[in-house]
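Chain by chain, the residues run as shown.
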Amino acid sequence: MNEDTIKKPRIGLFVTCLVDLFRPSVGFASVRLLEEAGCTVEVPMAQTCCGQPAYNSGDREDAAAIARQTIEAFEEFDYVVAPSGSCAGMLKKHYPSLLKGTSYEKRAEAFSAKVHELVSFLVDVLGATSVAAAGKGGSVTYHDSCSGLRELGIREQPRKLLNSIEGVEIREMENADVCCGFGGTFCVKYPDISNKIVEEKTACIEATGAQTLLAGDLGCLMNMAGKLHRQGSPIKVRHVAEVLAGMEDDTPAIGGGGR
Amino acid sequence: MEIQSPQFKEKARNALANEQLQRAMGKAKTGFISKRKKSVEALPEFEDLRSSARAIKDHTLAHLDLYLEAYEEKVKASGGHVHWAETAEDARQAVLAICRAAGARTVTKGKSMITEEIALNDFLEKEGIRPVETDLGEYIIQLRGEHPSHIIGPALHLNKEQVEEDFRRVHTQLPEERDLSQPESLLGEAREILRPQYFTADVGITGANMLIAETGSSIIVTNEGNGDLTQTLPRIHVVVASIEKIVPTLEDASQILRVLARSATGQDMSVYTTLSTGPRRPGDPDGPEEYHVILLDNGRSSMLGTEFHEMLRCIRCGACMNHCPVYHAVGGHAYGWVYPGPMGAVLTPSLVGVDKSGHLPNASTFCGRCESVCPMQIPLPRMMRHWREREFERGLNPATQRYGLGFWAFFARRPRLYRLATSLAIPTLSGLAGRRGWFRSLPLAGGWTRYRDLPAPQSRTFMQQWQARSGAPHGREGGDR
Ligand code: SF4
Chain A
1 MNEDTIKKPR IGLFVTCLVD LFRPSVGFAS VRLLEEAGCT VEVPMAQTCC
51 GQPAYNSGDR EDAAAIARQT IEAFEEFDYV VAPSGSCAGM LKKHYPSLLK
101 GTSYEKRAEA FSAKVHELVS FLVDVLGATS VAAAGKGGSV TYHDSCSGLR
151 ELGIREQPRK LLNSIEGVEI REMENADVCC GFGGTFCVKY PDISNKIVEE
201 KTACIEATGA QTLLAGDLGC LMNMAGKLHR QGSPIKVRHV AEVLAGMEDD
251 TPAIGGGGR
Chain B
1001 MEIQSPQFKE KARNALANEQ LQRAMGKAKT GFISKRKKSV EALPEFEDLR
1051 SSARAIKDHT LAHLDLYLEA YEEKVKASGG HVHWAETAED ARQAVLAICR
1101 AAGARTVTKG KSMITEEIAL NDFLEKEGIR PVETDLGEYI IQLRGEHPSH
1151 IIGPALHLNK EQVEEDFRRV HTQLPEERDL SQPESLLGEA REILRPQYFT
1201 ADVGITGANM LIAETGSSII VTNEGNGDLT QTLPRIHVVV ASIEKIVPTL
1251 EDASQILRVL ARSATGQDMS VYTTLSTGPR RPGDPDGPEE YHVILLDNGR
1301 SSMLGTEFHE MLRCIRCGAC MNHCPVYHAV GGHAYGWVYP GPMGAVLTPS
1351 LVGVDKSGHL PNASTFCGRC ESVCPMQIPL PRMMRHWRER EFERGLNPAT
1401 QRYGLGFWAF FARRPRLYRL ATSLAIPTLS GLAGRRGWFR SLPLAGGWTR
1451 YRDLPAPQSR TFMQQWQARS GAPHGREGGD R
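Just so you know, the protein sequences line up as chains A and B, in that order. Numbering-wise (my numbering), the first sequence opens with residue 1 and increments by one. Numbering-wise (my numbering), the second sequence opens with residue 1001 and increments by one.
Don't read these hints as lab results, they were simulated from the structure. Don't take every hint at face value.
Label-pair distances were calculated between CB atoms; the ranges are [said to hold, decoys possible]:
hint, chain 1, residue 1, chain 2, residue 2, range
1, B, Met1269, A, Lys136, 37 to 43 Å
2, B, Gln1267, A, Gly184, 34 to 40 Å
3, B, Thr1400, A, Asn175, 29 to 35 Å
As a list, the in silico DSS-like pairs of lysine-lysine whose alpha-carbon atoms are at most 30 Å apart [stated by the list, open to error]:
hint, chain 1, residue 1, chain 2, residue 2
4, A, Lys189, A, Lys114
5, B, Lys1027, B, Lys1126
6, A, Lys236, A, Lys106
7, B, Lys1126, B, Lys1035
8, B, Lys1027, B, Lys1009
9, B, Lys1027, B, Lys1011
10, B, Lys1356, A, Lys189
11, B, Lys1160, B, Lys1038
12, A, Lys189, A, Lys93
13, A, Lys114, A, Lys7
14, A, Lys106, A, Lys93
15, A, Lys136, A, Lys7
16, A, Lys160, B, Lys1356
17, B, Lys1038, A, Lys189
18, A, Lys189, B, Lys1011
19, A, Lys136, A, Lys93
20, A, Lys160, B, Lys1011
21, A, Lys160, A, Lys236
22, A, Lys189, B, Lys1009
23, B, Lys1037, A, Lys93
24, B, Lys1356, B, Lys1035
All C-beta atoms in this analysis are idealised placements derived from N, C-alpha and C, irrespective of residue type, glycine included.
The shape of chain A in the complex, shown without the other chains:
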């Protein structure tokens, strides 16, 4: 390692399972944004999922095992960054309580302090006020995903960076802070209710007349994109990191086919 890399903050990227499986471009966008902001990014191979499917189904044992495995894989880094408010919230807010009273308690707390969601990390920790992207611009509307908003206080940060891109116009939707109805396994356990909630969401999205819907969580995005597509809407859906990283040209929007 040369001196330069030593001074750079060393980031362990928690890719998140949905990004890993469904939309790797969000992971590459995250890497690009972090590197542009002067970080070294590494991707520990011993990661799978944050454990929420188990944790939120009442299966503490599996959730705790996954938590320990994630902590082991990531505790050597200066920071742990995830392109998802929901997964970052799990790592930061729920691992400590999950492992409380076990031999991992202290490690979980130290780990928790290093965890950040991608966009809030760029703004709040690295002090970014703009991004280098010179994307296509156009009108976008931003959905505040629940965990990011209410557990981690992410609201202004993505808007701030989006506003720094020339040609991007944010058209706020009504009820941007209301759940999209995804809720992890909720959307398949209670599909009728989930559908009703996402229908209300897509109506708010359509009403803005924006060309593109953005958010910071792939689960919510897949839910909203899937509904919009079923409804025949032309609105494009993307993770906010792709726009911030200026990747719209080489990456089709969600559902736009593989590369």
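Knowing the structure of chain A, use the given hints to seat chain B with the ligand on it.
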């Protein structure tokens, strides 16, 4: 009340298909939310008030036995009676004994969720005593033979045209040309019908928003004034309240009142805040001759010290359901018992058992909006998760769910195997979708694709691509167990 929570899914589906209900819910939610927001924004210290309200209840619950005893003494000292009821049946029998001793034929009632919890109306009717609900919302649903769908707005699931129809059907003694198009005219009409009842009733039954240990008083807050008439006009006033309603002092009560109405209806204060302390004293111009308090436990004391302890801070303001997307979608009746919405999803399993109400804590996206508005800072999603844990421990969730989860967890706990499996599955899935980019249906994904399309994976997994890009894997390899 019969527990219908096991039929939650079916009831939810019916609710979603019920146009009248959907129309009513659409109106209700926007009103509550904007009013609360406005009143909270107008009070910069609201967040501090939440914290102090919470602290008051935390302190009280930590010394609940002492405060309950102190309260009982004060009630007795002011000439009232306290009846301890461990179960719903105990409470019903206590009410009945009082009614019998008074030779009561008719009782008037102020709005009370506790009397719903103990299913008092049905019980009294069977015993030949006629309960008359005097709160407009309660009166309406009594006419319709329904139960409340919201803890502060019992008839929230109805549109005013439906109520007008009910009134015209039942109030046949009133002139036909009367105007019933506005909520105010409906209230006026109900008042006209109800007024004589206050004078014929022998017993007036109310709930309590709080019980004050310092003075032995009970407090009710209402917007119609019906509660006052219910408790002052009949000869006997019976308060039915659960044990966690206690607060130490008047000062504490007034602190909590400052967050209650703002959270509930967005009012600074409800229109009427009425304190009652004992029966009429010599020289008092009005008031009941007898004053009884029935203190109901019904499972609450067994919540103390458990992971559901904090639920006992609830002041029944309804803010959690007013902000809940699931409640908005299906309304209160789908929950199948007395308490709907997020607070019901936590409380119902505590009171009736999670085996009978397992859907309630599961039917949540954990969006956290309830907790963010709860004036008592109750961690509702966390407690719903605790219920899911209890269900999981007892093997109560459906087998398919358990197997699916077990299968997934097996891989999720073994990163190397997980990578291998996903690196085979994902490109296959991506290839299956071809250039379309979407699945309209997919085996095992029916829950998803019934209502939405599933975007296909882009191509290979991120991990595959990253490894290919950077040659050797970065970071430490975790041991697969
Ligand atoms: S849980 Fe909180 S928000 Fe819901 S009714 Fe109780 S006090 Fe109000």
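For each hint, the structure was consulted:
1. Met1269/B <-> Lys136/A: 37 to 43 Å: violated (53 Å)
2. Gln1267/B <-> Gly184/A: 34 to 40 Å: holds (37 Å)
3. Thr1400/B <-> Asn175/A: 29 to 35 Å: Holds - the Cβ-Cβ distance for threonine 1400/B and asparagine 175/A, about 34 Å, lies within 29 to 35 Å.
4. Lys189/A <-> Lys114/A: violated (33 Å)
5. Lys1027/B <-> Lys1126/B: Violated, because 37 Å separates the two Cα atoms, which is more than 30 Å.
6. Lys236/A <-> Lys106/A: Roughly 44 Å between the alpha carbons, so the hint for lysine 236/A and lysine 106/A is violated.
7. Lys1126/B <-> Lys1035/B: violated (41 Å)
8. Lys1027/B <-> Lys1009/B: holds (23 Å)
9. Lys1027/B <-> Lys1011/B: holds (21 Å)
10. Lys1356/B <-> Lys189/A: holds (18 Å)
11. Lys1160/B <-> Lys1038/B: holds (25 Å)
12. Lys189/A <-> Lys93/A: holds (25 Å)
13. Lys114/A <-> Lys7/A: Holds. Lysine 114/A to lysine 7/A sits at ~17 Å (cutoff 30 Å).
14. Lys106/A <-> Lys93/A: holds (14 Å)
15. Lys136/A <-> Lys7/A: violated (34 Å)
16. Lys160/A <-> Lys1356/B: Judged against 30 Å, a Cα distance of about 48 Å means the pair is violated.
17. Lys1038/B <-> Lys189/A: violated (35 Å)
18. Lys189/A <-> Lys1011/B: holds (15 Å)
19. Lys136/A <-> Lys93/A: violated (36 Å)
20. Lys160/A <-> Lys1011/B: Status violated; Cα separation ~44 Å.
21. Lys160/A <-> Lys236/A: Within the cut-off at roughly 21 Å; holds.
22. Lys189/A <-> Lys1009/B: holds (10 Å)
23. Lys1037/B <-> Lys93/A: holds (27 Å)
24. Lys1356/B <-> Lys1035/B: violated (35 Å)
Hint compliance for this structure: hints 1, 4, 5, 6, 7, 15, 16, 17, 19, 20 and 24 are broken, all remaining hints hold.
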